[in-house]
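Chemist: Throw the hints in and build the complete structure from the sequences for me.
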Amino acid sequence: MTVDNNVLDLRKLRCPEPIMLLRKKIREIKNGTTLLILSDDPSTIREIPQYCKFMHHKLLKINTKDTIYKFWIQKTHKM
Amino acid sequence: MKFPIYLDYAATTPVEFEVMKEMMNYLTLEGEFGNPASRSHKFGWKAEEAVDIARNQIAELIHADSREIIFTSGATESNNLAIKGIAEFYKKKGNHIITCSTEHKATLDTCRYLENKGFDITYLNPLQNGTINIYELQEKIQKNTILVSIMHVNNEIGVIQDIHKISKICQSNNILFHVDAAQSIGKININLKQLKIDLMSFSAHKIYGPKGIGGLYIRRKPRVRLSAQIHGGGHEKGMRSGTLPVHQIVGMGIAYKIAKIKINSDFNYIKHLRNRLWNGIKNIEEIHLNSNFENTVPHILNVSFNYVEGESLIMALKNLAVSSGSACTSSSLEASYVLRSLGLKDELAHSSIRFSLGRFTTKEEIDYTIQLIHQSINRLRNLSPLWEMFKSGVDMNNVNWTHN
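Protein chains in written order, with the UniProt record's numbering: chain A, 1 to 79; chain B, 1 to 404.
In short, the hints are calculated from the structure, not lab data.
Residues of chain A placed beyond 10 Å of chain B at every Cβ, according to the derived structure:
{"#": "1", "residue": "G32"}
{"#": "2", "residue": "T33"}
{"#": "3", "residue": "T34"}
{"#": "4", "residue": "L35"}
{"#": "5", "residue": "D40"}
{"#": "6", "residue": "K58"}
{"#": "7", "residue": "L60"}
{"#": "8", "residue": "K65"}
{"#": "9", "residue": "D66"}
{"#": "10", "residue": "I68"}
{"#": "11", "residue": "T76"}
With a cut-off of at most 20 Å between alpha-carbon atoms, the simulated PhoX-like pairs for lysine-lysine come out as follows:
{"#": "12", "chain 1": "A", "residue 1": "K30", "chain 2": "A", "residue 2": "K53"}
{"#": "13", "chain 1": "A", "residue 1": "K53", "chain 2": "B", "residue 2": "K46"}
{"#": "14", "chain 1": "B", "residue 1": "K42", "chain 2": "A", "residue 2": "K53"}
{"#": "15", "chain 1": "B", "residue 1": "K46", "chain 2": "A", "residue 2": "K58"}
{"#": "16", "chain 1": "A", "residue 1": "K24", "chain 2": "B", "residue 2": "K42"}
{"#": "17", "chain 1": "B", "residue 1": "K363", "chain 2": "B", "residue 2": "K282"}
{"#": "18", "chain 1": "A", "residue 1": "K24", "chain 2": "B", "residue 2": "K46"}
{"#": "19", "chain 1": "B", "residue 1": "K196", "chain 2": "B", "residue 2": "K221"}
{"#": "20", "chain 1": "B", "residue 1": "K221", "chain 2": "A", "residue 2": "K12"}
{"#": "21", "chain 1": "A", "residue 1": "K12", "chain 2": "B", "residue 2": "K237"}
{"#": "22", "chain 1": "B", "residue 1": "K42", "chain 2": "A", "residue 2": "K58"}
Glycine residues also receive a C-beta, built at the ideal position from the N, C-alpha and C atoms.
Modeler: Structure below.
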């Protein structure tokens, strides 16, 4: 999976900050861009998929097996 | 020209049309009316997105991180949260707070409240130009000083405090610094990346946003902690509970976005109008300028007309919406505590008028104002026995007034 040089590192941040920074980043990137998100906040396991569902972005892949969670999101909705 | 002419922009401002238009999208079933704390449906997530956009628009104006912005009901609440919140959280470290005697009542009354709770408050007296004496501030710092709270721009005379110098003093003494920026935000440039300010209060309705919404900047690095004053739900990182008024927040965001674009053009335009107004009235006999032009924002022009009673003048200027003293205290007939702190005699303080100009003030309105002031002052002085005595050479300072 190609990531267009877009990695959002949210490690060491706790709720509500990860979603705040994700929202900002999504607004800044172009439609169709894929974003890799790194997080270690357990709340993001629930929050990031919900964000994608309700804000109409594609959640391409999740890896929450490791201590650092990885989420691949594609911006598909015009903000 | 529409009457009365509004020259009280320091009290409040009309909202920009774009602000009103955007706010309307967050109120009805057709819009995004959801509660931003609702996580289980689209309405909540969309509302939270709107709040997040506004938070970023506000942060951009003052060069802060959006995570450092907490929404409140206005600058009064922000001042309360900052001062009481710091006092409570750091009370083990110390109980001494320094402020200035010309601060807004939101700060002074909060400090008085804390005095009753056992805190020690030092009220600095300003210099004659309204600024605080930096050396006096340094002298008053004690081992147990936890906070300095100083307003950036005074709401009555428009004087700008040197918050850069004050912040340096606070930083070198390991004291937190709170700034009430209600009258400066969006009017003069503020860069919180360059200024070492720990807390900053601001409002929306002073810069063409809606009433009832404001914010508090709380520095993230190094982290500033405070005790919440409103509890119930843990909104705003637990620092200010209560459902967020999305429409007001959106309005505030748009107002701040516009302010960022117009800050310099507004400043120059209003300065031009202020100079026009002053040049048109400065030759009136016994007029006193209470705002030193070198160190003030152009939006506020405070003048006193000797031998004219302030309330009579306000009545005579009924075609102008102006203020005598700050909006919060103009209902009382006590002379302005700010002007008295600057050493003005009661008579001059009583005859003071604050003209505050804004983005929508026009040249025609200023010219009409000049003409009306001249007419009104002449008429009122012709009716005044004090003016007659003064004109006939009586030394008014040495008159022995007796009461039968």
